[in-house]
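Novice: Sequence:
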Amino acid sequence: KALEFINYLVHKLKLMMLSCNEDVKDPFGILIDELSFLRCNLMEDLLLLNKNPIIKEMKSLTISTRALIFRTGSFFFKSRYFKQEDEQMVEYCCLKIPDLLRAIDDIKQKASDLFNHCFFSSRRSWQSSNSPSTTNVLEYVNFVINKVEQLLHSKADPLNALERHVENVYEQLVSMAKLLCDIVQHIGNSHMEFLLTRFKDAAYQAEYVIDSFEAGEGSIWGHKLGLFVVIKDAQGAESCYTDNDTVIPTISSRAPSQANYYVRGGSKGEIHNRVEAADNKLVGLKDAEAEIIELLTSGSRQLKIVSIVGMPGLGKTTLANSVYRHPSIDLHCHVRAWCCVSQTYEKDTLLFDIFDQIVGKTIQSHETGREDFVQKIYQSLKGRKYLIVIDDIWDIKAWNDLKEPFPDDQNGSRILFTTRHRTLALEANSIPYALRLLSPEESCELLWLRLFNGETCPPELSTISKRIARNCKGLPLAVILIAGILKKTEEKEDCWEHVSNKLISLEASDILEFSYKHLPDCLKPCFLYFGTFPEDTTISA
1 KALEFINYLV HKLKLMMLSC NEDVKDPFGI LIDELSFLRC NLMEDLLLLN KNPIIKEMKS
61 LTISTRALIF RTGSFFFKSR YFKQEDEQMV EYCCLKIPDL LRAIDDIKQK ASDLFNHCFF
121 SSRRSWQSSN SPSTTNVLEY VNFVINKVEQ LLHSKADPLN ALERHVENVY EQLVSMAKLL
181 CDIVQHIGNS HMEFLLTRFK DAAYQAEYVI DSFEAGEGSI WGHKLGLFVV IKDAQGAESC
241 YTDNDTVIPT ISSRAPSQAN YYVRGGSKGE IHNRVEAADN KLVGLKDAEA EIIELLTSGS
301 RQLKIVSIVG MPGLGKTTLA NSVYRHPSID LHCHVRAWCC VSQTYEKDTL LFDIFDQIVG
361 KTIQSHETGR EDFVQKIYQS LKGRKYLIVI DDIWDIKAWN DLKEPFPDDQ NGSRILFTTR
421 HRTLALEANS IPYALRLLSP EESCELLWLR LFNGETCPPE LSTISKRIAR NCKGLPLAVI
481 LIAGILKKTE EKEDCWEHVS NKLISLEASD ILEFSYKHLP DCLKPCFLYF GTFPEDTTIS
541 A
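What the sequence shown shows, in UniProt numbering, is residues 1 to 541, in sequence order.
Careful: at least some of the hints might be erroneous.
Distance windows between CB atoms, simulated [claimed, not checked]:
id, residue 1, residue 2, range
1, Glu171, Gly218, 22 to 30 Å
2, Leu95, Pro520, 44 to 52 Å
3, Arg301, Phe70, 25 to 33 Å
4, Arg301, Phe5, 27 to 35 Å
5, Phe82, Lys487, 53 to 61 Å
6, Arg467, Gln410, 51 to 59 Å
7, Pro520, Asp33, 25 to 33 Å
8, Asp182, Ala215, 28 to 36 Å
9, Arg422, Phe5, 55 to 63 Å
10, Glu171, Ser74, 29 to 37 Å
11, Ser60, Lys14, 24 to 32 Å
12, Gln410, Asp182, 36 to 44 Å
13, Glu149, Ile539, 58 to 66 Å
Calculated pairs, DSS-like style, for lysine-lysine (alpha carbon to alpha carbon, straight line, at most 30 Å) [stated by the list, open to error]:
id, residue 1, residue 2
14, Lys466, Lys488
15, Lys524, Lys492
16, Lys347, Lys382
17, Lys110, Lys178
The set of hints was computed from the structure by calculation and includes no laboratory data.
Every residue gets a Cβ at the ideal spot worked out from N, C-alpha and C, and that includes glycine.
Could you put together the complete structure from these sequences and hints?
Specialist: Have a look at this one:
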């Protein structure tokens, strides 16, 4: 009956979409596609097995699935009370459809966790040492495609129970292979290499499920669940595939439309406008980025705090921003938000800002009491895997003021601090990650990157530029400020020598003043004017 009901709902939603306001047709289409995907690849087998579950962990997944069906039915029947072109109908859809999409996302994640924990965990260590390198991913995916094709052609009797699922995986693998032909041309790009790893993992899971099925190992339900996870992961990787910041359209990629309506606190596209775009190349920070991502995405499922600790100008915010925007964090978390605390802050303003990012709805401080507002954030995050970045936090009081609405649902949620103070990191029971200074070679690389945009440094400036970089004492901010001065200095060795001589006598804290003195006179008052605003303030044009 539940399956008949979801078929009925999908049919009725399609009819409703035809006559609804243009503003909500896209989210309607996304919801219908997602429900159809779950219906075809997960719901039938899950609900039929519910009377005699193979493992107790299935119960939670089944409950979530039935709750989704009930909520979808409630949405449909309530929406019938509105006129299709009415503004109230648009508001109702824009409020409820993102909630349903989040519930679908949670079901997908639970299914993935169930498969990895109960069916796939014993293969993890074997995978890490035996799966192909990223440079051979296309060859490996084609190998798995051939294996799946052979299974489909075999028409073995046991295949009847899996045939539809195997056909869906075959189509997904073929789609992956087409994208990989382009991705392998971008080896060296960190985003593309990450996608290669995602595709490789999906292909490996597909091979594992097919091998297990052919060997008669495990249950049919486990195989079906595994194939569902393969399709889910591959589609997730495809939706992240971009070329020159434009999403490449694929059969399964719905990210462009979905991003407009499925608010994920800045994920899949729009990052909070106070976070500056990171440079394509993180000089001296790539290892740190990988290690921070590992801390955020692995380990205990309890709520965990990680702190990036270091002196001013070391690149804490730059690193946190790069981690925040990384595709692996996007796929790992259901929702993300970023706030900057600094020495002076207003806790209500910060909480309003976090709420705006999580829920996608701007609210003013006078519209609700603080306790109600904290509860709304808590309810919005409840049951969802989240990452909250708290940038430039100075003392433990700020964390005590902000931590109330962040639930610990034992689902791998994380908090990321950036701070100058190691003692604060320890007081908050966080894992401190100390940033190091740049090496002389890394300082020079950063200086050349800023001055020449990746082009070769002129030979006559090579020696003096290396000396200038070394005199920055490993501080990235100092390198960037000096690069700004050198850009306005004639490209002659004696001119740069003059800058170098001035730099030798300066401490890191004096370099900002040195840079200020080299500003044009017309910009100095402007610079000082901006200094009157609190840090991270949005200034109207």
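Novice: Need the list of violated hint numbers for this structure, in ascending order.
Specialist: Hint 7 contradicted; others consistent.
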